[in-house]
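Asker: The lines below spell out each chain.
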Amino acid sequence: MAGVVDEQADAPPEDLLFRRRVQPLAVLKELWQARELARTLAERELRARYKQTFLGFAWAVITPVMLMIVFTLFFDKVANIDTGGAPYPLFSYVGLLPWTFFSSSVSSASQSLVSNMSLLNKVYCPREVFPMGSILVAGLDTVIATGVLGLLFAVTQYAPRITSVYVPILLAVQLCFTLGVALLAAIATVYIRDLRQSLPMFLQLGLFATPVAFGLEEIPASLRPLYAVLNPLGPVIDGYRDTVLLGQAPDWGLLGLGAASSLVLLLGGYTLFKRLETGIADVA
Amino acid sequence: MLPEGSIAASHLWKRFRADKRHRVLREQVAKVSDRLRGRRRGWRWALRDVDLHVEPGEAVGLMGPNGSGKSTLLKILTRVMYPYAGRLEVSGRVGALIEVRAGIHPQLTGRENAFLYGSLLGLNRRQVQQRFDEIVAFAQLEDAIDRQTKFYSSGMQMRLGFSVAAFLEPDILLVDEILAVGDSSFQQRCLERMSAALAEGVSLVFVSHDLAAIEAVTTRGVLLDQGRVRMDGPVRDVLNHYRQSVEEVAELQTVESVVKLVDALVAGSDGRTVRTQEEALISLTLDSPGQHAGSICLGLSEGTATPIVLLRFDANLPPGPTEVRCRLPRLPLPRGRYYLWVAFVRRRAELLPWHPAAHFDVIGPDLDSAPLGIMRLSPVHVDAHWELGRS
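Each protein sequence line maps, in turn, to chains S and L.
Every number in this note's numbering is 23 more than the matching position in the first sequence, counting from 1.
Heads up: the second sequence at position 154 corresponds to 151 in this note's numbering, and the numbers run straight through without jumps.
A couple of the hints might just be wrong.
[To be verified] According to the in silico footprint, chain L covers these stretches of chain S (three or more CB under 8 Å from chain L):
{"id": "1", "region": "97 to 105"}
{"id": "2", "region": "117 to 127"}
{"id": "3", "region": "138 to 146"}
{"id": "4", "region": "247 to 258"}
{"id": "5", "region": "276 to 285"}
[Unchecked claim] Label pairs and their computed distance ranges (CB to CB):
{"id": "6", "chain 1": "L", "residue 1": "R144", "chain 2": "S", "residue 2": "G291", "range": "40 to 48 Å"}
{"id": "7", "chain 1": "L", "residue 1": "R76", "chain 2": "S", "residue 2": "Q271", "range": "22 to 30 Å"}
{"id": "8", "chain 1": "L", "residue 1": "A5", "chain 2": "S", "residue 2": "L78", "range": "51 to 59 Å"}
{"id": "9", "chain 1": "L", "residue 1": "S30", "chain 2": "S", "residue 2": "E37", "range": "42 to 50 Å"}
{"id": "10", "chain 1": "L", "residue 1": "Q137", "chain 2": "S", "residue 2": "S187", "range": "29 to 37 Å"}
{"id": "11", "chain 1": "L", "residue 1": "K147", "chain 2": "S", "residue 2": "Q271", "range": "25 to 33 Å"}
{"id": "12", "chain 1": "S", "residue 1": "Q227", "chain 2": "L", "residue 2": "S30", "range": "26 to 34 Å"}
{"id": "13", "chain 1": "S", "residue 1": "G291", "chain 2": "L", "residue 2": "Q185", "range": "48 to 56 Å"}
{"id": "14", "chain 1": "S", "residue 1": "A49", "chain 2": "L", "residue 2": "S30", "range": "50 to 58 Å"}
{"id": "15", "chain 1": "L", "residue 1": "A5", "chain 2": "S", "residue 2": "L48", "range": "20 to 28 Å"}
These are calculated hints, taken from the structure and not from any lab test.
All values derive from a computational prediction rather than experimental measurement.
Backbone N, C-alpha and C define an ideal beta-carbon position, used for all residues, glycine too.
Taking the hints into account, I'd like the entire structure generated from these sequences.
Answerer: Here you go:
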């Protein structure tokens, strides 16, 4: 028979305290092993949506198209925006695609941990697969919505330019930034539940703080570098318009600033996420 | 590196906020203002310096009163929760049944849920597919597997959850009080499945308040109390210790009643030792304020759970003290500690409420256990005479 433990000190010794160490290689390895899970989670979200809603995948198209129509009716007629020669519906839709991707990634990522609490309390897995699953879903929606872009080109009799080959670079910056913000939004919502209510409002404001309905030129030239750092979606969207619609190279200076700031945000956000994920079960 | 299926946890500490509220903005503000006023907010220790080492293939029963830290420890072993301090190494795939329906998505079908849970355990599609038929057969959901789980009854959801966790070949199975749901035939099959998993070399950590189930499934017991390991050893020893400590707390309540129980005693024929399959005498002294007709009810229970034996005798109590004697010619109880429960009732009225009134120890042989230990221990000992002959 084993001995009975007697009362001991009332706190653990300092050297035993649990400290989270974020080792990039280990994190990436674990994430790679959980790729199947990220896919399954995205699939689950899609299936659930497909079963619950009448229009299913059509919603992926409806939201950006509606906004495009609204922008075309109001901004184009009232504000007289300089599109550099491209038809305004194309101009705004090219901006709306990355914006919709960003905003639906962030808003569903922010719910992804909170609404899966029961799962999080049961099984271990790298927690970032939940926001990443949300991004996968938003990404698929964006791919579907991009189909409409082809239709718009046909309707407006306007052809995409050869400089579209720069798109993957812009896409990389866009993904970096979106993932960084999504991770931060997901973990922050766990600790500060008020975000659940307030995030939609911030995203609404973001739509108008980002050159979606208007061009980057509306911002004074002297403030543009600072703007590119604060909102990397600005130079990214501007870059899409330059390359796909106007046949120019992106503004490398601004894009570089945006890329650097996105990368810092992603690394910082990911590290913070990994540190804070240890407390998720305590808060739930 | 530890061998697959082992757990090495040493000096685990875990604390929670003493006043458990969600960390919403309002609370953050309150925290800051508390700190400005120099007030420190309290923490409650859920685990203090807990050690748990499990070898591959070992079956450990975790017991203890509510709030002793069992579930917290299990969550830390699943790596869902992180300790405040300590070292923890868990090697191998962990299948956990911690919350019955947790993780089952209502919008998805049973099939989709099985695959989802499989990928949570780190299996790919093909691996789940290989075991899929077994899972469905065990959960008895052949007809319902392609229906959305929101149309499942809670029993069906539990069966699905258990089957998936048990058949996806974990190296370590953590089970927390799941047998409370599900009908008794499924409970029995769960116990069998856990024993089969053990035979395959899976390690098991089993948390339950059903001490009989712990005794049937596990070989080693760990008793937690107020976040500390009070005892760690062979399951029988720990169970006995735990039962005694429970008794000390719940010791022989005196209750408010019309009819008073003055004295209660169980003794053997020699007036002291109670022995299996020998005569036992129960004697009570009841004090009634007036003439009362009703039934004297007696019960014998193991621990403080359901009675094994119930006896009832209609009696007319005169005013003043009455001595009641009940003789059991052959007591069918095996060795152990038992409770005597007493009540005096008249139709719906409890003149003396049903309560444990005395405890006694029975001396006798141990019960034989069932082959392979797949059944719960039976509560009674029946005298038997065996013969083997040529037919």
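Asker: Broken hints, numbered, in rising order?
Answerer: Checked against the structure, the hints that fail are numbers 1, 2, 4, 5, 7, 9, 10, 11 and 14, while the rest are satisfied.
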